[in-house]
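Residue strings, one per chain:
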Amino acid sequence: MHTDARNIENHTLIEGDICIIGAGAAGISIALEWINTPYRVILLEGGGFEYEDRMQALYRGKTTGQRYYPLESARLHYFGGTTGHWAGFCSPLDEIDFEKRDWVPHSGWPIQRSDLDTFYARAQKNLDLGPYEYSFPEYQKEDKSLVPLPFDEEAVFNKMWQFSPPSRFGAKYRDTILKAPNIHLYTYANVCDIGANENVSAIKEVIVKNFAGKEHTVRAKYFISACCAIQNARLLLASNRQAPKGLGNDNDLVGRFFMEHLEIKSAEIWFPDPDPLKLYLLDFGKTKYRAELGITAKKQEEHRILNGTASFTPLEIARTQPAFIDIWTKDQKQREKNMSDFSKTEDQFKSTNRFRNFQLFTRVEQAPNPDSRITLDTEKDELGMPRAMLHWELTPLEKRSIRTIYEIIGKQAGLSQKGRVRLLEYLWDEDDHSWPEFTGGGWHHMGTTRMGTNPKQSVVNADCKVHSIDNLYIAGSSCYVTAGAPNPTLTLVALSLRLSDHLKKRISAVS
Amino acid sequence: MQRRVFVKLSAYTAAVLTFPLAQGCRSGQMDTTSQPIFFSHLVDAKTIAAAGKAYLAAHPGEKDADKLRTMLLPKGQSSDAGAIGRSLVASIASDFKTGKTVTVNGWVLAITEARQCALYYLLQS
Chain A
232 MHTDARNIEN HTLIEGDICI IGAGAAGISI ALEWINTPYR VILLEGGGFE
282 YEDRMQALYR GKTTGQRYYP LESARLHYFG GTTGHWAGFC SPLDEIDFEK
332 RDWVPHSGWP IQRSDLDTFY ARAQKNLDLG PYEYSFPEYQ KEDKSLVPLP
382 FDEEAVFNKM WQFSPPSRFG AKYRDTILKA PNIHLYTYAN VCDIGANENV
432 SAIKEVIVKN FAGKEHTVRA KYFISACCAI QNARLLLASN RQAPKGLGND
482 NDLVGRFFME HLEIKSAEIW FPDPDPLKLY LLDFGKTKYR AELGITAKKQ
532 EEHRILNGTA SFTPLEIART QPAFIDIWTK DQKQREKNMS DFSKTEDQFK
582 STNRFRNFQL FTRVEQAPNP DSRITLDTEK DELGMPRAML HWELTPLEKR
632 SIRTIYEIIG KQAGLSQKGR VRLLEYLWDE DDHSWPEFTG GGWHHMGTTR
682 MGTNPKQSVV NADCKVHSID NLYIAGSSCY VTAGAPNPTL TLVALSLRLS
732 DHLKKRISAV S
Chain B
55 MQRRVFVKLS AYTAAVLTFP LAQGCRSGQM DTTSQPIFFS HLVDAKTIAA
105 AGKAYLAAHP GEKDADKLRT MLLPKGQSSD AGAIGRSLVA SIASDFKTGK
155 TVTVNGWVLA ITEARQCALY YLLQS
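In the order they appear, the protein sequences are chains A and B. If you count the first sequence from 1, you need to add 231 to reach our numbering. If you count the second sequence from 1, you need to add 54 to reach our numbering.
Calculated directly from the structure, the hints in this document are not laboratory data. Built from N, CA and C at the ideal position, the CB exists for glycine as well. Hints may be right or wrong, so weigh each one.
Unchecked claim - Here are the simulated EDC-like pairs of lysine to aspartate or glutamate, each with C-alpha atoms no more than 16 angstroms apart in a straight line:
{"hint": "1", "chain 1": "B", "residue 1": "151", "chain 2": "A", "residue 2": "359"}
{"hint": "2", "chain 1": "A", "residue 1": "410", "chain 2": "A", "residue 2": "264"}
{"hint": "3", "chain 1": "A", "residue 1": "293", "chain 2": "A", "residue 2": "303"}
{"hint": "4", "chain 1": "B", "residue 1": "154", "chain 2": "A", "residue 2": "303"}
{"hint": "5", "chain 1": "B", "residue 1": "151", "chain 2": "A", "residue 2": "385"}
{"hint": "6", "chain 1": "A", "residue 1": "403", "chain 2": "A", "residue 2": "369"}
{"hint": "7", "chain 1": "B", "residue 1": "151", "chain 2": "A", "residue 2": "638"}
{"hint": "8", "chain 1": "A", "residue 1": "356", "chain 2": "A", "residue 2": "264"}
{"hint": "9", "chain 1": "A", "residue 1": "519", "chain 2": "A", "residue 2": "303"}
{"hint": "10", "chain 1": "B", "residue 1": "151", "chain 2": "A", "residue 2": "264"}
{"hint": "11", "chain 1": "A", "residue 1": "575", "chain 2": "A", "residue 2": "547"}
{"hint": "12", "chain 1": "A", "residue 1": "356", "chain 2": "A", "residue 2": "369"}
Unchecked claim - Listing some non-contacts, in silico: residues in chain B with all C-beta distances to chain A over 12 angstroms:
{"hint": "13", "residue": "107"}
{"hint": "14", "residue": "113"}
{"hint": "15", "residue": "114"}
{"hint": "16", "residue": "116"}
{"hint": "17", "residue": "117"}
{"hint": "18", "residue": "118"}
{"hint": "19", "residue": "149"}
{"hint": "20", "residue": "154"}
What the hints assert, rightly or not - The calculated label-pair distances, taken between Cβ atoms and stated as ranges, are:
{"hint": "21", "chain 1": "B", "residue 1": "112", "chain 2": "A", "residue 2": "359", "range": "49 to 55 angstroms"}
{"hint": "22", "chain 1": "A", "residue 1": "667", "chain 2": "B", "residue 2": "114", "range": "55 to 61 angstroms"}
{"hint": "23", "chain 1": "A", "residue 1": "684", "chain 2": "B", "residue 2": "114", "range": "50 to 56 angstroms"}
{"hint": "24", "chain 1": "B", "residue 1": "113", "chain 2": "A", "residue 2": "533", "range": "22 to 28 angstroms"}
{"hint": "25", "chain 1": "A", "residue 1": "573", "chain 2": "B", "residue 2": "113", "range": "37 to 43 angstroms"}
{"hint": "26", "chain 1": "B", "residue 1": "112", "chain 2": "A", "residue 2": "504", "range": "27 to 33 angstroms"}
{"hint": "27", "chain 1": "B", "residue 1": "144", "chain 2": "A", "residue 2": "518", "range": "36 to 42 angstroms"}
{"hint": "28", "chain 1": "A", "residue 1": "566", "chain 2": "B", "residue 2": "114", "range": "47 to 53 angstroms"}
{"hint": "29", "chain 1": "A", "residue 1": "333", "chain 2": "B", "residue 2": "153", "range": "57 to 63 angstroms"}
{"hint": "30", "chain 1": "A", "residue 1": "293", "chain 2": "B", "residue 2": "179", "range": "36 to 42 angstroms"}
{"hint": "31", "chain 1": "B", "residue 1": "153", "chain 2": "A", "residue 2": "507", "range": "29 to 35 angstroms"}
{"hint": "32", "chain 1": "A", "residue 1": "656", "chain 2": "B", "residue 2": "179", "range": "47 to 53 angstroms"}
{"hint": "33", "chain 1": "B", "residue 1": "179", "chain 2": "A", "residue 2": "557", "range": "38 to 44 angstroms"}
{"hint": "34", "chain 1": "A", "residue 1": "667", "chain 2": "B", "residue 2": "123", "range": "46 to 52 angstroms"}
Can you build the whole structure from these sequences, using the hints too?
Next up, the structure:
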């Protein structure tokens, strides 16, 4: 079922068993799980079914610290969310990503990778991926032409990725959601406030608003905030009528530990002979899987570094490409032109696969950092909600990790007599902790409502429930404790499916 | 794999010994010891010299051609160019295996080939 919240009587009371706030990858994945159950699910989407500048402007916000993309362009605010423009890169987190690492402050999830494996397998289907298989030898069994670089697997391994078409959740799941008798989607229903009971131990209702000037109330037994890492934090912080510091924020943790993936050109690898590198190169839209060079857990521990991977782009192509941070402008038309120009440079290498030299591009986790955070601005958006502000702050560990990753790969290149690696100049001086202008992120927002067992160190528990609030859950990458190297979508869908299963057990036990 | 690498390196050795490092070299001054075989197949002489200069800036105590030769070649090393080339290739492989690497001008090199670059720089300057 679907209702446009602009077209119903003002101050309508909407009621259900479950209220999901946000219809992106997390929210839609959860909603799909509840189809044909005896429960009434309210799915709230702030936007409509298409991109709108006015709606997108609700995500505008200031940024300080490390240079960052315009916030209103980093997430999409309509049905399907950011799957409307994601690139489809998928790979699970590694086991080490969940572990407490004494060299990574604030690391350690309350769950293990094995707790997510069954959910990863299910998430693969939501994202139109292949079987849940990320072990390189299994791929090589199918395709003997996938030749790995002859590196010591104890040091550098082939971290496999699968590529979603990419699935656009808005188009793919719209009819399924609309036809589901027990799922009621409300579009143009921006949640601007969450109301709790008297002692703020449970959520009573949420208030939704839209540009038609309508305001409605939604009541449910359970609420799931699935708005993305910045908006989840913003919503909790802005819901401060009853809890002055914001909901779930008794310990001043909501919004802190904002994490991105640093995605940055870092080194070059030079070979004496051309190498097609079939296993490692990407032909966007066609490649179903590829490898990046990953650093083994053993080496990460030995060098006390963060987890990261390296991908390859032919050097003569890479040198013509501007950095993502310069491409991704505020103006959508300019951004589209920049992206189109970028794609043209990539098309050049499709005509040949005989390159000798390649740029090595890093994708590395950001160390959890309480000072890297989302806060509220005094400025409000058009619906009267305080805007989010991002202070993105990196630490010396990220830069040392990148440098070390390429020293490890460089040694493997030398040891195997395959080639030589050259670090880019910004990595030469070990005492220089500054970042070059072209430093950017992957548009991946994580960690603002981190998971943990201790309410003094985390916002949600291992089931993604806000510690101090009995019926409020958070879905998505805001629950991440650490970021790992892979893009977050596969893991956030897996985590959402896990949350959904937990809630099903809970609600059926109560029923 | 080992054999393939050996054959390839032998080919490089032969090529380098036949065609000493290129542009900017003063004839007569260059020798096998100052020619990082594998690296010279990737980059030009200018890059090798720059790496050598950077290495010496970080290791000023080695800024002496004779000293570098002593460090690069084992005692009793045959003066045969082919034998020297093979010995240096073996040293480079050993350096990478034992972690004796150094980063100069961003290049992750075996200490042996970094010293060869340094020697090359001293001889051509």
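Here is what the structure says about each hint:
1. B/151 to A/359: Given pair residue 151 of chain B, residue 359 of chain A is violated - Cα atoms ~43 angstroms apart, limit 16 angstroms.
2. A/410 to A/264: Given that 16 angstroms is the threshold and the Cα spacing comes to 14 angstroms, the pair holds.
3. A/293 to A/303: holds (10 angstroms)
4. B/154 to A/303: violated (49 angstroms)
5. B/151 to A/385: holds (13 angstroms)
6. A/403 to A/369: Distance of about 29 angstroms is beyond 16 angstroms: violated.
7. B/151 to A/638: holds (14 angstroms)
8. A/356 to A/264: holds (13 angstroms)
9. A/519 to A/303: violated (30 angstroms)
10. B/151 to A/264: Outside the cut-off at roughly 52 angstroms; violated.
11. A/575 to A/547: holds (13 angstroms)
12. A/356 to A/369: Given pair residue 356 of chain A, residue 369 of chain A is violated - Cα atoms ~19 angstroms apart, limit 16 angstroms.
13. 107: holds (14 angstroms)
14. 113: holds (15 angstroms)
15. 114: holds (18 angstroms)
16. 116: Consistent with the label, residue 116 of chain B stays out of reach of chain A, its closest Cβ about 19 angstroms off (over 12 angstroms).
17. 117: Holds: least Cβ distance 20 angstroms, greater than 12 angstroms.
18. 118: Consistent with the label, residue 118 of chain B stays out of reach of chain A, its closest Cβ about 25 angstroms off (over 12 angstroms).
19. 149: The assertion about residue 149 of chain B is violated, with a minimum of 8 angstroms to chain A.
20. 154: Nearest chain A Cβ is 10 angstroms from residue 154 of chain B, so the label is violated.
21. B/112 to A/359: 49 to 55 angstroms: About 52 angstroms separates the Cβ atoms of residue 112 of chain B and residue 359 of chain A, which means 49 to 55 angstroms holds.
22. A/667 to B/114: 55 to 61 angstroms: violated (29 angstroms)
23. A/684 to B/114: 50 to 56 angstroms: Taking Cβ atoms as reference, residue 684 of chain A and residue 114 of chain B lie about 54 angstroms apart, which means the hint holds.
24. B/113 to A/533: 22 to 28 angstroms: Given a distance of about 25 angstroms, which is inside 22 to 28 angstroms, the answer is holds.
25. A/573 to B/113: 37 to 43 angstroms: holds (42 angstroms)
26. B/112 to A/504: 27 to 33 angstroms: holds (31 angstroms)
27. B/144 to A/518: 36 to 42 angstroms: holds (40 angstroms)
28. A/566 to B/114: 47 to 53 angstroms: holds (50 angstroms)
29. A/333 to B/153: 57 to 63 angstroms: violated (23 angstroms)
30. A/293 to B/179: 36 to 42 angstroms: violated (53 angstroms)
31. B/153 to A/507: 29 to 35 angstroms: Cβ of residue 153 of chain B to Cβ of residue 507 of chain A: about 31 angstroms, so the range 29 to 35 angstroms holds.
32. A/656 to B/179: 47 to 53 angstroms: violated (23 angstroms)
33. B/179 to A/557: 38 to 44 angstroms: holds (39 angstroms)
34. A/667 to B/123: 46 to 52 angstroms: Given about 39 angstroms between the Cβ atoms, the range is violated.
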